[in-house]
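Novice: Chains as they are written, first to last, in full-length UniProt numbering: chain A, 1 to 269; chain B, 1 to 269.
In case anyone wonders, no lab produced these hints; they're calculated from the structure.
Among the hints, a few may not be true.
If chains are identical, the list can't say which one is meant, so a pair holds when it fits in one copy or spans any two.
[Stated by the list, open to error] Straight line, CA to CA, 25 Å or less: simulated SDA-like cross-link-like pairs of lysine to any residue:
1. Lys160 / Gly267
2. Lys41 / Asp152
3. Lys41 / Gln198
4. Lys160 / Ala127
5. Lys41 / Glu219
6. Lys41 / Asp245
7. Lys41 / Met244
8. Lys41 / Arg60
9. Lys41 / Ser250
Number of protein chains: 2
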Amino acid sequence: MLEYVTDAADPRLTDFTRLRDVELRKSLEAERGLFMAEGEKVIRRAVGAGYPIRSLLTTRRWLQPLADVLGDATVYVVSDEIMTATAGFQVHRGALASMARLPLPSTASVMESANRLVVLEDIVDHANVGAVFRCAAALGVGGVILSPRCADPLYRRAVKVSMGAVFSIPYARMDNWYTGLDELRAAGFQTLALTPDQSATPLDEVKLGDRVALLLGAEGDGLSSRWLHEADEPVCIPMSPAAMDAGVDSLNVVAAAAIACHGLMRGRR
Amino acid sequence: MLEYVTDAADPRLTDFTRLRDVELRKSLEAERGLFMAEGEKVIRRAVGAGYPIRSLLTTRRWLQPLADVLGDATVYVVSDEIMTATAGFQVHRGALASMARLPLPSTASVMESANRLVVLEDIVDHANVGAVFRCAAALGVGGVILSPRCADPLYRRAVKVSMGAVFSIPYARMDNWYTGLDELRAAGFQTLALTPDQSATPLDEVKLGDRVALLLGAEGDGLSSRWLHEADEPVCIPMSPAAMDAGVDSLNVVAAAAIACHGLMRGRR
Numbered sequence: 001m002l003e004y005v006t007d008a009a010d011p012r013l014t015d016f017t018r019l020r021d022v023e024l025r026k027s028l029e030a031e032r033g034l035f036m037a038e039g040e041k042v043i044r045r046a047v048g049a050g051y052p053i054r055s056l057l058t059t060r061r062w063l064q065p066l067a068d069v070l071g072d073a074t075v076y077v078v079s080d081e082i083m084t085a086t087a088g089f090q091v092h093r094g095a096l097a098s099m100a101r102l103p104l105p106s107t108a109s110v111m112e113s114a115n116r117l118v119v120l121e122d123i124v125d126h127a128n129v130g131a132v133f134r135c136a137a138a139l140g141v142g143g144v145i146l147s148p149r150c151a152d153p154l155y156r157r158a159v160k161v162s163m164g165a166v167f168s169i170p171y172a173r174m175d176n177w178y179t180g181l182d183e184l185r186a187a188g189f190q191t192l193a194l195t196p197d198q199s200a201t202p203l204d205e206v207k208l209g210d211r212v213a214l215l216l217g218a219e220g221d222g223l224s225s226r227w228l229h230e231a232d233e234p235v236c237i238p239m240s241p242a243a244m245d246a247g248v249d250s251l252n253v254v255a256a257a258a259i260a261c262h263g264l265m266r267g268r269r
Numbered sequence: 001m002l003e004y005v006t007d008a009a010d011p012r013l014t015d016f017t018r019l020r021d022v023e024l025r026k027s028l029e030a031e032r033g034l035f036m037a038e039g040e041k042v043i044r045r046a047v048g049a050g051y052p053i054r055s056l057l058t059t060r061r062w063l064q065p066l067a068d069v070l071g072d073a074t075v076y077v078v079s080d081e082i083m084t085a086t087a088g089f090q091v092h093r094g095a096l097a098s099m100a101r102l103p104l105p106s107t108a109s110v111m112e113s114a115n116r117l118v119v120l121e122d123i124v125d126h127a128n129v130g131a132v133f134r135c136a137a138a139l140g141v142g143g144v145i146l147s148p149r150c151a152d153p154l155y156r157r158a159v160k161v162s163m164g165a166v167f168s169i170p171y172a173r174m175d176n177w178y179t180g181l182d183e184l185r186a187a188g189f190q191t192l193a194l195t196p197d198q199s200a201t202p203l204d205e206v207k208l209g210d211r212v213a214l215l216l217g218a219e220g221d222g223l224s225s226r227w228l229h230e231a232d233e234p235v236c237i238p239m240s241p242a243a244m245d246a247g248v249d250s251l252n253v254v255a256a257a258a259i260a261c262h263g264l265m266r267g268r269r
């Protein structure tokens, strides 16, 4: 169903307003149970993963390429100007879909379905969450578990940076950070805590069990001392001593996650 | 020497103008032989690596923390407003240093000094160049060789993303793309071409020689077919077949570079 809208303040466009206002979007998307998919490729992947389209905001130009996935979703057709005024920035490849969220699986079901997991503790940057999902999915990690305070993988920026990988890898969110690792252990997972501490065992030298969960902390602070100490083993990525002397003492969280996910899949490929 | 400047159009501030205007900055910095270092940490690393400070633009607040590295450089002290008007955006941790470039070493001298090299072909995104330098330096790669069209590692954004790693790892730029790999071979380097093509040998299974150069192409296009075919061996990072079916068919260039640099250092740590 096509509806032509000529006013950015039209209440029918509320799903799509002020996409760069992180606080507004968080509450609006939670209340309405929606998330944003941006551009044809990402919208197709979301639909392919089973998320229903609530509605689409687009300009005339982008209507045709998406026609086959729209089903009976309402489509709001606007000018470039209204699009920009609504979203709050110039939307490239001008199609935005408001997608309905689905209930997240339980941590138990994600643990049951995979033998290699990545567990993210309090990574609050949406771009980093998206990039880690992209690495994990591309390298074949079976699932992701999020700590309670981790950023939302379905937030627009995370979806975009992940190139839609957030739709292709199962993930769940823990209810309780404090007892977070107990459930992993009970499910038979060996828990490895990634740390910059060079006295830890290099990840490539760790004997990996049948079921392994790799714990990744936030950029800057790294893992909490609770998780670091509760994990079965701290592991590190070996760094150049010369670089550390020169102050290049860490990898960014995405580079570290890429190397760690690759190491986690050793022997499983 | 302190000079108080109260007008953003003052010609003494020309080194620091319109930092987000990429084309303007490229020509201005090339003509004047300068680059920008932003914030105390990066400025200290540049000075520590031997780059002379031409001049510093700062607000009163950031003068003291940098006092010990300034030598006899001219310091322009301005208000926050003049700082923002000059740079063209709000400068966090308000100190900008105009640093003098030093002559780049020759490719021959970089090849002589290292047994593990990364060679970047036409990576034009400054942030990606900076991130690859950060990975290479942190993981102990000995040097970087750039193709003629690669983005400048001393451009502000590359410096910033690298966290100053561009100062700690030697790099050089090829004169000639067409014959670029000949010199590497003549210097005894085994050349490995990273490709997403999953029929290539996984990097972790390649027998690495004494001297190895890893060739990385740009995001999107990857390596040119010329380099891909001239290299001794194409190598890949194994990806998940399921993810590739779902359209998550690649890692971003930084994640790929991180895994590849880590793999390149196998047996050297």
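Novice: At most 25 Å between C-alpha atoms: does Lys160 with Ala127 qualify within a copy, between copies, both, or neither?
Specialist: both (8 Å within a copy, 17 Å between copies)
Novice: Have a look at Lys160 and Gly267 and pick one of within, between, both or neither, based on CA distance no larger than 25 Å.
Specialist: Neither, since 31 Å and 37 Å both go past 25 Å.
Novice: Is it within a copy, between copies, both, or neither that the alpha carbon of Lys41 lies no farther than 25 Å from that of Asp152?
Specialist: within (20 Å within a copy, 31 Å between copies)
Novice: As a check of your reading, is Lys41 near Arg60 (CA-CA no more than 25 Å) within one copy, between copies, both or neither?
Specialist: within (17 Å within a copy, 49 Å between copies)
Novice: How would you classify Lys41 and Met244 at a CA-CA limit of 25 Å: within, between, both, or neither?
Specialist: between (41 Å within a copy, 14 Å between copies)
Novice: Could you place Lys41 and Gln198 in one of the four classes (within, between, both, neither) given a Cα distance threshold of 25 Å?
Specialist: The answer is between: 23 Å across copies meets 25 Å, while 41 Å in one copy does not.
Novice: At 25 Å max between alpha carbons, let me know whether Lys41 reaches Ser250 within a copy, between copies, both or neither.
Specialist: between (34 Å within a copy, 14 Å between copies)
Novice: Which holds for Lys41 with Asp245 at a C-alpha limit of 25 Å: within a copy, between copies, both or neither?
Specialist: Intra 44 Å, inter 14 Å, cutoff 25 Å: inter-copy only.
Novice: One pair to classify: Lys41 and Glu219, alpha carbons no more than 25 Å apart. Within, between, both, or neither?
Specialist: between (29 Å within a copy, 17 Å between copies)
Of the hints listed earlier, the one the structure fails to meet is number 1.
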